[in-house]
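Q: Protein chains in written order, with my numbering: chain Z, 19 to 259; chain V, -10 to 211.
No lab work stands behind these hints: they were computed from the structure.
Take these hints with a grain of salt, some might be off.
Take a look, some chain Z residues computed to stay more than 10 Å from chain V by CB distance [what the hints assert, rightly or not]:
hint : residue
1    : P39
2    : L74
3    : R169
4    : A173
5    : A224
6    : R240
7    : E242
Just some of the chain Z residues that point at chain V, by a computed CB distance under 7 Å [said to hold, decoys possible]:
hint : residue
8    : V149
9    : G156
10   : V180
C-beta: ideal position from N, C-alpha, C; glycine also.
In case you want the letters, here they are:
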Amino acid sequence: MALIDLANPTRFLDLVRRVLPWLIAATVIAFAIGLTMAMNAPDDYQQGATVKIMFLHVPAAWLAMLCWALMSVAALGTLVWRHPLADVAGKAAAPIGAALTFTCLVTGSLWGRPMWGTYWVWDARLTSVLVLFLLYLGVLALYWTAEDPNRGARAAAVLVLVGAINLPIIKFSVDWWNTLHQGESIFRAGGPEIDPTILRPLFAMALAFLLLFVTLHLAAMRNEILRRRVRTMQMMQAQTA
Amino acid sequence: MTAFNALLMRDIRLTMRAGGGALMGALFFLIVVTLVPFALGPDLALLGRIGPSILWLGALLASLLALDRLFTSDFEDGSLDVLLTGSLPLELAVTAKALAHWLTTGLPLVIVAPVLGLLLNIEGGAMDAVALTLLAGTPALTFIGLIGAALSVTLRRGGLLLAVLVMPLTVPVLIFGVSATNAAVSGPVPFGPPFTILCALSLMSLVIGPFAAATALRQGLE
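Bound conformation, chain Z alone:
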């Protein structure tokens, strides 16, 4: 099935109906495996048990950035190709991305308290993730204030594309500036610095988070399509009444 076929909302809803139960099952299994692996992972020799926060913190951070990247693609779809599903995808992704960014900030600050001795420091990576969170809220504010959903979607698409400049800044902030947040330790030349006993549960948790994101996103897109249908039906009813 090509992407263009999904422009028909009924076909898309059909696909979601068939795929969603499997995705939910896969997410539950992935979290069961990931959490078990995370619980059984050895403590860090320096950080002790607090290293387990990483299994929530890092996948949430990855997914928060992936979500904005997905919104950027959806924004291009809205502005360039006028794909009807694109603005539904963008709108459905924004609250999930905001929640993931919030999770990343909260877990990070709970991890920072025992390790760095403070909940918050104004270092480059923390600040740029906070800016990402503010950008998510800005996009949400645009959707909330727009009276006409189509116009709101296009305005949000412009903002998403402009905000995408923040993504590389987050990604490379730890390399460009000397920060308290540790440098890139997984996707680096010469292989990861993290021990495989911790790296394997991390990837399992990342997969679980990815599945959770896809599940939530598809469900939110379905809800958005249905919400628009309800709105149209209500307007038609109001006209004929």
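Got chain Z sorted already, so can you dock chain V onto it with the hints?
A: What follows is chain V alone, placed relative to chain Z:
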């Protein structure tokens, strides 16, 4: 290019002759700076240390709050539709409007900043640095704010929404503006690198701002 100049002159004239013009932003700037000692106490040593940051913050707020009306009045009297359908590319038209806005709002802020620096006990050398960084940085604020102004006019909402949308995007400008100033005043870091990055940010927003704003207007007002 004549259409560009005509639009530029029209906007400058409109701002100068109606609605307080250039003085309004500068007045707001003065009030913000006056409020700070009331909030922090009149400790001159403290004010001298944080003065440059206060000037930057005040200039940021003043130039963003003035952007609210950039497209609204044109939208209300219909001249925005003329710009949309005119032969001058919308990107250039938007650039002319932003340039006029910077000349009537941003530039006065840079000019009054040294005077306000006296109130905040900023020394001469540091004041030069603040004025120079403001001169290099305020265009970035205007052209980033341009995107927010275009977005909020298409949604017919202004005020807080514009600030919420634009302020996160202005963070890098603030960071490098203040760090260049601090480098000139006290810092072990040289003044050059943060200042060149600040100039780069201004040039980048000069490119991105008009295109994003024109897209937002075209998409939103059709």
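Q: If a hint holds in the structure, say so; if it does not, say that too.
A: For each hint, the structure was consulted:
| no. | hint | result |
| --- | --- | --- |
| 1 | P39 | holds, 37 Å |
| 2 | L74 | holds, 25 Å |
| 3 | R169 | violated, 6 Å |
| 4 | A173 | violated, 5 Å |
| 5 | A224 | holds, 27 Å |
| 6 | R240 | holds, 26 Å |
| 7 | E242 | holds, 19 Å |
| 8 | V149 | holds, 5 Å |
| 9 | G156 | holds, 5 Å |
| 10 | V180 | holds, 5 Å |
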